[in-house]
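A.B. asks: Read off the chains here:
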Amino acid sequence: MNNLLRGNTGDWEIVIGIEVHAQIISNSKLFSGSSTSFGADHNTQVSFVDAGMPGMLPVINSVCVEQAIKTGLGLNAKINNFSIFDRKNYFYPDLPQGYQISQFEQPIVGNGMITIDLDDGESKNIGIERLHLEQDAGKSLHDQHPSYSFVDLNRSGVALMEIVSMPDMRSPEEAQAYVKKLRNIMKYLQTCDGNMEEGSLRADINVSVRKPGDDLGTRCEIKNVNSIKFIGQAIDYEAKRQINLIEKGDLIEQQTRLFDPKKGQTRSMRSKEDSHDYRYFPDPDLLPLTFTNEFVDEIKKTLPELPDIRKKRFIDDYDLSSYDSNILVSEKETADYFEAAAENSNPKLVCNWVIGELFSVLNKINKTIEDCPIKAEDLGELINLIDNETITGRIAKDVFEIMLNTGESPVSIVDANNMKQVNDLNEIESVIDKIIEKNPDQVNALSEKPNLIGWFVGQVMKETQGKANPKTVNEILGKKLLKKG
Amino acid sequence: MSVDKDNVVKIAKLSKISFKDDEIEKFQEDLNQIIDWVDQLSEVNTETVSPTFSSFDNDKGMKKREDIINDGNYREDITVNAPNSEEGFFLVPKVID
Numbered sequence: 000m001n002n003l004l005r006g007n008t009g010d011w012e013i014v015i016g017i018e019v020h021a022q023i024i025s026n027s028k029l030f031s032g033s034s035t036s037f038g039a040d041h042n043t044q045v046s047f048v049d050a051g052m053p054g055m056l057p058v059i060n061s062v063c064v065e066q067a068i069k070t071g072l073g074l075n076a077k078i079n080n081f082s083i084f085d086r087k088n089y090f091y092p093d094l095p096q097g098y099q100i101s102q103f104e105q106p107i108v109g110n111g112m113i114t115i116d117l118d119d120g121e122s123k124n125i126g127i128e129r130l131h132l133e134q135d136a137g138k139s140l141h142d143q144h145p146s147y148s149f150v151d152l153n154r155s156g157v158a159l160m161e162i163v164s165m166p167d168m169r170s171p172e173e174a175q176a177y178v179k180k181l182r183n184i185m186k187y188l189q190t191c192d193g194n195m196e197e198g199s200l201r202a203d204i205n206v207s208v209r210k211p212g213d214d215l216g217t218r219c220e221i222k223n224v225n226s227i228k229f230i231g232q233a234i235d236y237e238a239k240r241q242i243n244l245i246e247k248g249d250l251i252e253q254q255t256r257l258f259d260p261k262k263g264q265t266r267s268m269r270s271k272e273d274s275h276d277y278r279y280f281p282d283p284d285l286l287p288l289t290f291t292n293e294f295v296d297e298i299k300k301t302l303p304e305l306p307d308i309r310k311k312r313f314i315d316d317y318d319l320s321s322y323d324s325n326i327l328v329s330e331k332e333t334a335d336y337f338e339a340a341a342e343n344s345n346p347k348l349v350c351n352w353v354i355g356e357l358f359s360v361l362n363k364i365n366k367t368i369e370d371c372p373i374k375a376e377d378l379g380e381l382i383n384l385i386d387n388e389t390i391t392g393r394i395a396k397d398v399f400e401i402m403l404n405t406g407e408s409p410v411s412i413v414d415a416n417n418m419k420q421v422n423d424l425n426e427i428e429s430v431i432d433k434i435i436e437k438n439p440d441q442v443n444a445l446s447e448k449p450n451l452i453g454w455f456v457g458q459v460m461k462e463t464q465g466k467a468n469p470k471t472v473n474e475i476l477g478k479k480l481l482k483k484g
Numbered sequence: 000m001s002v003d004k005d006n007v008v009k010i011a012k013l014s015k016i017s018f019k020d021d022e023i024e025k026f027q028e029d030l031n032q033i034i035d036w037v038d039q040l041s042e043v044n045t046e047t048v049s050p051t052f053s054s055f056d057n058d059k060g061m062k063k064r065e066d067i068i069n070d071g072n073y074r075e076d077i078t079v080n081a082p083n084s085e086e087g088f089f090l091v092p093k094v095i096d
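Here the protein sequences line up with chains A and B, keeping their order.
With numbering that gives the first Met the number 0 as the guide, the letters of the first sequence map in order to residues 0 to 484.
With numbering that gives the first Met the number 0 as the guide, the letters of the second sequence map in order to residues 0 to 96.
No lab work stands behind these hints: they were computed from the structure.
Glycine included, C-beta positions come from ideal geometry on N, C-alpha and C.
Be aware that a few hints might be false.
As the list claims (entries may be wrong) - If you want the footprint, here are the derived chain B segments under chain A, 3+ residues with CB under 8 Å: (1) 26–39; (2) 61–67; (3) 74–86.
Next comes chain A alone, as it looks inside the complex:
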């Protein structure tokens, strides 16, 4: 795939690296016993530790450590049995300690790699540089008062994983595929819920441009992009902005930028020159974080089947195409739904129905597969009714529509509405005979236009409200009308 952007002076290559902040799924915070649940009344989930009160000491949450290790394993990464917490010092009202406890030189997880799947069916490996544990900050509300900002510390101290990629992506699509894949892996692992709207997953995107083969250009960092769509838009805008500047003879200034979704543009953040001097040093309140290989092995045993493995199993066990399998596993919920529906049914048909009818309906009624009105088992049952020739494919679409609106089971819908397929040879034959008798002109025209047989099939279906077994109809029509030719 050619990812180059065309400028006035030739082709340009975009180089993208991403830092993802993922909120860890845990009951309590990284270093305190207050709750992490979303949407609680302000400042109710704040302990003296989270409020940065003097004399309070942080004690690490063992589950947060396990979640970080689990995620590291899911990213095929090196797990460091010895890591250090550092203080990252900066001044901001939503950071009561005056520093964020983070990991700087010795993170809990080192180099790893994930495979992203692109729309053209290709896949590509993206390197992971590191994953480290750190605290989230509180939240400032600026619109409550003309001269004051309001600070809510509920989020202060919640555990985050910062996952840093290598600068391995070359297009907005690759960046989007990377974040999607990362989110999907964490959802499979249940280490982060991946909810970008609630801020459980945020991306900082580093973008630079260069002529192919040149050294890396100066990069700009776009902070806190919170949707997959915006990631694509922000990179697209930023790359073109940089190319324009360079082609005008300007230099790119390394800076932090914000994406404005309304305008579809990035703009420079006003920041003081010293703001990046974080004066990291090891946090004297915390000992090194250590654990044994056996501890990591125990966690390894609890890993669920991850999307890449599941995809391979779908291809091998269900005989699905790589393309279809990819669509199914790319959201854990979709793959779960498919498997529940396919359990006692024909997997290939189920796959077609999920990707076809079901996706288009969910799209239309603006629902996700999690709150799908049709139960997976019911979809499987519907497909069995087609597969064992109880109903025709055409009738199945009507049944599907009723299931969607009423939530009733397909068998009861078919019974109640007398929708069963007509397989009785005599019954179908008598319908066909009647149609032949009434339409001598069409019968005569058949020798000239053999395609007219389709018209006869249509008439039979109309007469039987779509219930005649199509195979039988075709056979009898063939015997009666085409035997001469």
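Position chain B relative to chain A; hints supplied.
C.D. replies: Then chain B, alone, in the frame of chain A:
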């Protein structure tokens, strides 16, 4: 290693502390004395010694908590010492990025 006047001004700024000019000189002197004192450590050859991150026994590592909710829910106590608060929020001079 030593600090010059600019270093002191920068550190003060990062720490949100303002000094008068003569104070800056005094702190420059104090800081340099501290650094000189600590610099004695560099006389020791540490080539084969790994960095010390803690003076405790590293083998045991840090103590860990269970993942249970057993703290929080005392908003009044959290905000009582704040210079300014309203309806359970901390109020700070408006910050806009």
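A.B. asks: Compare the structure with the hints numbered earlier in the document and write down the numbers of the violated ones, lowest to highest.
C.D. replies: 1
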